[in-house]
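Residue numbers (the working numbering), protein chains in the order written: chain W, -17 to 300; chain L, 145 to 434.
None of these hints come from the bench; they were simulated from the model. Keep in mind the model is a prediction, meaning the values are calculated, not measured. Just to be clear, a hint being listed does not mean it is correct.
[Said to hold, decoys possible] Far from chain L by the CB rule (all over 12 Å, computed), these chain W residues:
{"id": "1", "residue": "Arg3"}
{"id": "2", "residue": "Asp144"}
{"id": "3", "residue": "Ser155"}
{"id": "4", "residue": "Ser208"}
[To be verified] Output of the computed footprint for chain W on chain L, the stretches with three or more beta carbons under 8 Å from beta carbons of chain W:
{"id": "5", "segment": "153 to 163"}
{"id": "6", "segment": "254 to 264"}
{"id": "7", "segment": "267 to 273"}
Note that beta-carbon positions come from the ideal geometry of N, C-alpha and C, so glycine has one too.
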Amino acid sequence: MATLRLPDVVPSPTQDSERLRVALQGWGVDQEVIIWILGHRNAVQRKKIKETYQQHFKESIIHCLQSALSGVLGKAIAYWMEEPPERDAKLVEKTLKRGKAGITQLQVIVEIACASSPNHLMAVRQAYCSLFDCSLEEAITSKVSSSLQKLLLGLVSSYRYDRELVDLNVAKSDAAKLHEAIEMKQLDRDEVMWILSTRNFFQLRATFEHYKQNYQVPIYQAIMSSGSDDLRSLLRVVILCIDAPEKHFAEVIRASLSGHRTDFHSLARAILARVEIDMMKIKEEYFNMNKISLDDAVVRKTSGGYKDFLMTLIGARI
Amino acid sequence: MASILGKWHSEHLESFRKRTPKFFVEDERLFERWDDHHIACLTKEFLQFKDIVVQWIMHPWERDARLVHEAITKGPQAYGLLIEIACTRSSEELLGARKAYQSLFDQSIEDVASRLEGIERKLLVALVSSYRYEGSRVNEGTARSEATTLAIAVKNVDKKNPIEDDGIVRILTTRSKLHLKAVVKYYKEIYGKNIDEDLDTLMSLKETLQCLCNPQAYFSKVLNDAFKDDADENTKDALTRVIVTRSNVDMKEIIEEFDKQYKVPLTQKIEDVALGNYKDFLVSLIRRVA
């Protein structure tokens, strides 16, 4: 469930644009107003604000926000204002451009392919072609090591059926095929990739459940016990994102908050991607994992406008 | 026809039958018997006419989804049709077919394709899942090196079938059509011959490349096969399919290519093999663009 809170009566995009303009252009930038308005609008409403602002003031609001707000807050709010498909396409491009992409970087691609809707993944593919003059698949081919390419290509090419249609016989036979591949340490088999890429999410959850019942161990544990390499680590992320995305994102958030320096980018990315989807579940999961609430963790490790913005989004701040 | 025939009484019908000895023969038991062959021709013509009307009116996404479903049901002999649809449609059209398939059959195409029999499976799953870049940018260096990759795979065909090679499948299913045309061009430059000639024993690969790089030549051949006397039903159905699906796309170029290849105008071949309303419909679809 989402944590994003919307006002009972939503002001018109014109009203919002005008108030934002004032907040951006005044003597000192009024961060509070910006966070207050944008932190309480969903994707559709933000898109209308963007269009209205452009029409009225002939300027891109993202541009204005980036100029007016410095540092991590500016980046986070600009990120929040982007259309999700463009935002994710740019995120993938930046991730791949960095050079040798490890699991921590590549999991971003898995999140888009496995923890969001098939229509969103398709929109990201379309946006990638428009923005970067090549397909997402071609970008993966040129930048990702060959051992991980096949799986990632399969995952991003899928356009899964989006209704809840489960065939228990398929769940049984798919679980058996996966089990065999794990036992034989042949996780790069085509069949593994096809099962994880082409079945609908409900079918796969049934398959994972069947695996656990039949083989007495959750499938991602079986994979991790069978050896350790990049492919296995990636497969674990794939399965988590399909089966229990809240666990995956709680882990990402925990990792970004632990350590000496907070990883502001990953933290913002994980939170902003999920506030309208399942942030409540992520918060529960975070608490189970760490025995401290996400709200408290964010307060401890972040500050200023960036903190206020995140707290607003996760429902901890009115 | 309905408005005229529907008004006739039994005397009119009898008079019509008596006055058309070409179709109705006086039987020894004293009734005007309809010639069997003519009934068969009429049935076929009405069926073909029905098919072409239905296919023409249908939304292209639904049409393609139904064609894919038909191909999957028919098995390996129809894999060529899967290749045709996956490779000759634009990225958006193929996406549309995938959406329609889900609405019609409650599954994704690639889910079904992943369970097909045969070595073509890897290629087919990847082809139906593609969403190719359609802009003008081509990396000439990559195209050149991929031409070499293909040549090596073709040379080693005895050790491993290129269709089962991840790298080859990746090139064919993720690169843009413009890029693949450049690959074909470099192949000819470096090795002195058209890649078609080297792929003669690898039909699926040959068809894939042809559909992607030269769909007009591909469709001309399909049409020509449909005109042959010994063509089976499936091959003949291609006449309707090609004319209907390409009418709004590249029919003009196909007509020109057909002319060039087979030295006979396409309209004439159609007049030779098709009858009645079915023929008229085909000809009018072609005339729209010629």
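Now the hints, each set against the structure:
| no. | hint | verdict |
| --- | --- | --- |
| 1 | Arg3 | 36 Å, holds |
| 2 | Asp144 | 7 Å, violated |
| 3 | Ser155 | 10 Å, violated |
| 4 | Ser208 | 22 Å, holds |
| 5 | 153 to 163 | violated (count 0) |
| 6 | 254 to 264 | holds (count 4) |
| 7 | 267 to 273 | holds (count 3) |
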